[in-house]
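S.K.: Spelled out from the first residue to the last, the chains are:
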Amino acid sequence: MAIFSDSTRGGFRLGMLIYDTRYRSLTIQVGFLFLAMAGAAWLVDNTVENLRALGKDFNYGFLGTRAGYDINQRFVAYSSDSTHGQALLVGLLNTLFLAAIACALATVVGVLAGIGRLSRNWIVARLMTVYIETFRNIPVLLWIIVMMAIMTEAMPAPSAFRGEDATASMILWDSVAITNRGVYIPEPLFTRGLGDLDIGVFLVSLDLVAVLIVGAAGIYAHLIITRHAEAVQNATGTRPATWWKSLAVLLLPLLALLWALGFHPGWPELKGFNFQGGIYMRNSLIAMWLALSVYTGAFIAEIVRAGILAVSRGQTEAARALGLRPGPTTRLVILPQALRVIIPPLISQYLNITKNTSLALAVGYMDLRSTLGGITLNQTGRELEAMMLMMLIYLVLSLIISAAMNLYNRSVRLKER
Amino acid sequence: MRKSILLGTLAVVGLGGGAASAATLDDVRAAGQIKCGVSTGLAGFSAPDANGVWQGFDVSVCRALGAAIFADPSKVQFVSTTGQTRFTALASGEVDVLARNTTWTLSRDADLKFTFVGVNYYDGQGFIVKKDLGVASARELDGATVCIQTGTTTELNLADFFRVNNMTYEPVPIETNAEALQQYLAGACDAYTTDASGLAASRATFADPENHIILPEIISKEPLGPLVRQGDDEWADIVRWSLNAMIAAEEYGITSANVDELAKGTTNPEINRLLGTEGNLGAMLRLDPAWARNIITMVGNYGEVFNSTIGEATPIGLARGLNAQWTQGGLQYSPPFR
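First to last, the protein sequences are chains X and B.
Everything in the first sequence is counted per this note's numbering, starting at 108 for the first residue and increasing by one.
Everything in the second sequence is counted per this note's numbering, starting at 28 for the first residue and increasing by one.
Please note that the accuracy of each hint is not assured.
Unchecked claim - Not close to chain B: a few residues of chain X, all C-beta gaps over 10 angstroms, as computed:
1) L140
2) L161
3) I178
4) G192
5) L249
6) A264
7) V316
8) T343
9) R432
Claimed, not checked - Calculated cross-link-like contacts (lysine-lysine; reagent style DSS-like; alpha-carbon spacing at most 27 angstroms):
10) K62/B - K163/X
11) K102/B - K378/X
12) K378/X - K157/B
13) K163/X - K140/B
14) K248/B - K157/B
15) K62/B - K102/B
16) K62/B - K140/B
17) K248/B - K140/B
18) K158/B - K102/B
The set of hints was computed from the structure by calculation and includes no laboratory data.
Backbone N, C-alpha and C fix where the C-beta goes; we use that ideal spot for every residue, glycine too.
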């Protein structure tokens, strides 16, 4: 900056805004800002003008009116008498649920395929290559439709399970029924359940809360036992046996709680037109889940492979030289370093899954896009309002996921001291 | 990122809104063709034939407009719309008229800002089931899985019907008629519900129509008709009276076979006014005096179109029923051409 010192002589002239490099960038930025604001103002004005020409107003009052349609998969109380706002919530929870299970399965599939592709076993490595290249190079919508077609066309109808000469039968000791309407699995039931807690928007199962609390307490106790064993090992050199203690604190309280609540599985049974009882996973859910998982899993596999290859071979050799066996080498040396490379691109894959759940309309899975952006939009004719609200929700969702994953990334990245 | 998405939507809405204004008739004349929104394919009502030419009962409404405005029924560009996309397509100006089994309701008329110009088919919602299901009435469908086209009034009627009758059901929402039929035939749903005419049309395309029955209950009124955007009354009048011309022609016994002869002049002043040999009805609509004559010559009267597309002689096999002329005990009734 010192080379421009001669220009400080004399007062400020207007021309300096353009010819003086000290001010020029500022001038350009201010000018650009004004242009952007003018563009935005023009768009808003044009929209308002056109809405008025059409005789439409802009308001979200429709969210409080009766929806009138039914939604098949719902995690909160909802009927056709509920409001459009409640339908939005049902759709949002369906989106979140699908995104959560798809992220989980995609991670498992991706890690296995990524490690498999690096395997020294020729067949495994080639099979994984074929999987990755096939799945990530075909649009996910096609995979969704293929999965749905398999579920609908290849599986038996519930009526095939009926009668003496049934052509289909349930699997796993009559506990799971795979039909062309979805999969029925046993559900947990409690004869002496604690009931539900109404927290305004939806009901929380107290049984589930109790099981989670006891489970978490068990894990905490297990950690204390392990820490104690480590302290003893550091002091005396011998590590006390902990497996039976850990097993006891993890399992016994849980079993006692389940017994106290009167836990028993509810089996799916063929009644009337469909199977009744049990948990019903609709084939739209399964198609979306599998398609998103295997598709994104292929991308995650490449990320995992890149992460592992990014750790130099010298690290492995050094760990071996120190006497670490292959298992601990992977767990203590390779993975912590690989994770630093893996996490940032993994975040964007999770975001992709969340956004791709909006393809659910193709198979009739009632997510946010199908409820708010589909039926509600159609029945109320509030295109602009519904679309903008939907974009806002997806945006907030993505930012939350991104923020959470960034927190995790901070905990695994290279610590500089 | 956030700002760009927002601006993008506003831009799209702004542009879409801009196209919706101005006089539709002038736009149509300037474009040299009518953009007509139809279904994605429903046999008999609107579906492309083997040569890719759109044919059907709803399609003939658009063809009649082509005949009235351009004296050429082929000057129509057909745009496929789903139950979900049809209203956005019409509101944004992507199509000039929607002739797509759309039910006339108050909220669509008033809140969605459309104008329904008439009813070309009086329908009601029904159910189709496979015979081996052993169901004879819709009231026996408690607990059934029902396929529905999403974004339609049938979705709301279905919810009401089951709630009023204290029955439960499992809705399977599907985007198009074709996908719904595929799911129904695969047994992924026990019943498929839509307008009874649509069920009859679809059953005609099955490999084994005799194994499917349409249940006797009709659970709703579904007056289906063409609609246009609200605010351009001149255009609405043209579509309305083109439809009325077809209905009136049948009432007065004007067919595509005898229209040329009747156009030479008759003793019935109503026929003369309709065919443009007397009065100036065409000019009032800013159309050619022979507009109605062109419709009847090139497309046919209401009864002719009905019989050739969905009538009892066709595979769809729909009886006239409510859609007979008012003189025959039906509801089809055109206001006078005067």
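S.K.: Take the hints in turn and mark each one as holding or not.
M.R.: Evaluated hints:
1. At roughly 12 angstroms, the least C-beta separation between L140/X and chain B is larger than 10 angstroms, which holds for a residue marked as non-interface.
2. Distance to chain B contradicts L161/X as a non-interface residue, since its nearest Cβ pair spans about 6 angstroms, not more than 10 angstroms.
3. The Cβ of I178/X sits about 7 angstroms from the closest Cβ of chain B, inside the 10 angstroms cut-off, so the non-interface label is violated.
4. At roughly 17 angstroms, the least C-beta separation between G192/X and chain B is larger than 10 angstroms, which holds for a residue marked as non-interface.
5. Once the 10 angstroms rule is applied to beta carbons, L249/X is consistent with being away from chain B; the minimum gap is 15 angstroms.
6. In this structure A264/X is not separated from chain B by more than 10 angstroms, as the shortest Cβ-Cβ distance comes to only about 3 angstroms.
7. At roughly 28 angstroms from the closest C-beta of chain B, the C-beta of V316/X stays outside 10 angstroms, upholding its exclusion from the interface.
8. Consistency note on T343/X: stated as away from chain B, and its beta-carbon is indeed over 10 angstroms from all of that chain's, at 58 angstroms minimum.
9. Distance check on R432/X: its Cβ is at least 47 angstroms (rounded) from any Cβ of chain B, clearing the 10 angstroms threshold; non-interface status holds.
10. Note on K62/B and K163/X: the hinted pairing holds, with a Cα-Cα distance of about 24 angstroms set against a maximum of 27 angstroms.
11. Among the hinted pairs, K102/B with K378/X is inconsistent with the structure: their alpha-carbon atoms are about 55 angstroms apart, more than 27 angstroms.
12. Pair hint K378/X plus K157/B holds up; C-alpha atoms about 18 angstroms apart against a cutoff of 27 angstroms.
13. At most 27 angstroms may separate the alpha-carbon atoms for a hinted pair to count; K163/X and K140/B meet this at roughly 8 angstroms.
14. Among the hinted pairs, K248/B with K157/B is consistent with the structure: their alpha-carbon atoms are about 24 angstroms apart, no more than 27 angstroms.
15. For a cut-off of 27 angstroms, the pair hint linking K62/B to K102/B stands: about 9 angstroms separates their Cα positions.
16. As the CA atoms of K62/B and K140/B are separated by approximately 19 angstroms, the hinted pair is consistent with the 27 angstroms bound.
17. A distance of roughly 21 angstroms separates the Cα atoms of K248/B and K140/B; the hinted pair therefore holds under the 27 angstroms criterion.
18. This hinted pair does not check out: K158/B and K102/B have alpha carbons roughly 44 angstroms apart, beyond 27 angstroms.
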